[in-house]
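Colleague: Protein chains in written order, with our numbering: chain A, 1126 to 1590; chain B, 12 to 291.
Calculated directly from the structure, the hints in this document are not laboratory data. Warning: the hint list may mix true and false statements.
Distance condition first, Cα-Cα at most 27 Å in a straight line; then the derived DSSO-like pairs of lysine-lysine [to be verified]:
1) Lys1171/A / Lys1149/A
2) Lys1527/A / Lys131/B
3) Lys259/B / Lys1468/A
4) Lys1327/A / Lys31/B
Being a predicted model, the structure only gives us computed values, none of them experimental.
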Amino acid sequence: MPNMQQNKTPVKEQEPEVRARNFKEVTLGYTEEEAVNEAQRCLNCKNRPCTEGCPVGVKIPDFIKLLAERRFEEAYQVIRSTNSLPAVTGRVCPQERQCESRCIRGKKGEPVAIGRLERFCADYVRKHGISSIKPQSPKNGHKVAIIGAGPSGLTCAGDLSMMGYDVTVFEAFHTAGGVLMYGIPEFRLPKAIVQNEIDGLKAQGVDIETNMVIGKVLSIDEILEMGYEAIFVGSGAGLPRFMNIEGEGLVGVYSANEYLTRINLMKAYREEYDTPIMHSKNVAVVGGGNVAMDAARSAMRLGAQKVYIVYRRSVDEMPARKEEVHHAAEEGIEFLNLNNPVKIDGDENGYVKGMTVIKMELGEPDASGRRSPVEIKGSEFELDVDTVIMAIGTSPNPLLRKTTAGLEANKKGCLIVNEETMQTTKEAVYAGGDAVTGAATVILAMGAGKKAASHIDEYIRSRTN
Amino acid sequence: MFKIVQKRVLNEFVTLMKIKAPFIANKVEAGQFIIYRVDEYGERVPLTVADRDKENGTITIIFQTVGGSTSKLAALNEGDSIQDVVGPLGTATEYDEGIKRVAVVGGGVGCAIAYPQAKKLHNMGVYVDLIAGFRNRDIVIIEDEMRAASDELHICTDDGSYGYHGFVTNKLKELIDSGVKYDMVIAIGPVAMMKLVCQVTKPYEIKTLVSLNPIMVDGTGMCGGCRVRVDGKIRYACVDGPDFDGHKVDFDELIRRNNTYKNQESAHKCRITGEVRSNA
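Start from the sequences, fold in the hints, and give me the full structure.
Modeller: Quick look at the structure:
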């Protein structure tokens, strides 16, 4: 008999007032007993609607069944057979919009906590030092290059290496992981856990070459000439956008990318690291996505007294994961929804001393289907802040399309691909993740990497047969 | 790891290093830079490449010790290794076709970066006036190299202890006023110097290229820290630059933003700003 408890088994978290001042992980994860109890809530229903909601096709009811039987390692292997980064997705996927949104149990009460269960399996394997490598297909002697060691590239690399390909991943930074390392903060996704997943891929045979900016140090054509038969481009989202309002050149205005990179990749929050960061008093973060939540919560942890989220729509339209919004509010972040910056004000030395904000109301739905915000005339007010962080999205990095003949991009600068195969406009070159979609989620990027891997396999087979 | 194959102390503050980096040596052009991270704790620091040796797979960097990160680098010796070196970054300098005479203006350690520009133009057959400014005779660097890379070398010292007595801007103006026709001026050095050079050339409408050194973290088009205002628009030094039309650059904003971490620097002696170059 399944466990008919209406709600998810609660998960322990650090207390809000404690965690708001440290960088340790917020959510502590299930114990074995809690995980088994939650797993028993799964009805193992015939239609398996949850699996259709998963971009990397995790066999959700199968792993949960094994988990309920306390066969933890086997449960992990089921996840790992389609998902190269389970410890990551268990933590950062927007489950409420994917697998969990389709769970039958969610119709009366809460859905099964699929994300927490996935995380439990990955953590169990790591904590017990169980090698997470599955048996591999024999090497097939074919070489594939991956550009960018972020979620899409690593997934593509993992899948291809599983099929027997020799895979080399070229990463521009000194560390592999992409946004998992530079973007998502330690308190949401500990870097040691990301590193463990990357080490798993290396042990599986994936070669990762860091400090290699493709398009500069080697071109795509040169990589093809080196004997790689196909290339997957997962080069990520690119340059931050600004609002083009007055005062964005003042000292104390950051892009969220810069702010988070200093903290996450360069570890500016730790005394023994050299990279500096401003320790601000009052911070305004502009935007309503996960990146905005990450920046706001990081600012709080660096010691800010007040941190505001300034978002032009209402909480219902916020693109951030529900859990992040909830955690941010618990930690004392103040939400100024339906507000939009007008200008940033500076002092005589060029430092930020405040931000002029105008109130908004929701009008008619726009192209995105969300009701578009409209300014309320005369409602401007001054926000007392010394730092402003812009988290309003990115434009694709121009490096590869500028340096690769035949690689075409759309008006927005995103690489054009055949959505069935992920092939770009250039033969043998595939792409996925934010480089194609613009800034999106880790799991969508992983789904694209996975799809590309299977079509790269098909392409190479078709050439060799 | 990237091995230091040669180290030369050029003056009290300035060090030259040749680093084994064959991939970068194979591709780097005048105007491009690398980013190094000396060890696990280090900042990512941009430095423009002064020279390269394709055959031996080395690049040359010349840097001034201005804070923690450059001190850490200067403390390394031949045979030691730098943890990370990535590049070539930025866009190589583009020269208009048919240019005949160019003034390359370098200030202090900026001369190390002006030098490859002069060398490239000189090799292209362009007549190069290299105007190199230093505070005094004791800190003059790479004089022989600069002489070999130019048709006329004008060393200027602030105190008159060597060469022309005065600033590079005075010398440049004198040359222009004496009737020399420049198709282009390239200015590389402290931001204030580049700003002044642009003020000199503006009335004569001489195209003036400057190589900017904003704060930078990744250097590959991701963080947006290196944004500069050019012609009223936001541009990114790492992918759109580092060279820009000097007559359109908002130098005052750049100077302000480069001072972002000045306070932390005085509080923590070991921290410096992540500048593209540590200019004198």
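Colleague: Each hint: holds or not?
Modeller: Against the structure, the hints:
| no. | hint | verdict |
| --- | --- | --- |
| 1 | Lys1171/A / Lys1149/A | violated, 40 Å |
| 2 | Lys1527/A / Lys131/B | holds, 24 Å |
| 3 | Lys259/B / Lys1468/A | holds, 23 Å |
| 4 | Lys1327/A / Lys31/B | holds, 26 Å |
Checked against the numbered hints given earlier, the structure breaks only hint 1 and satisfies all the rest.
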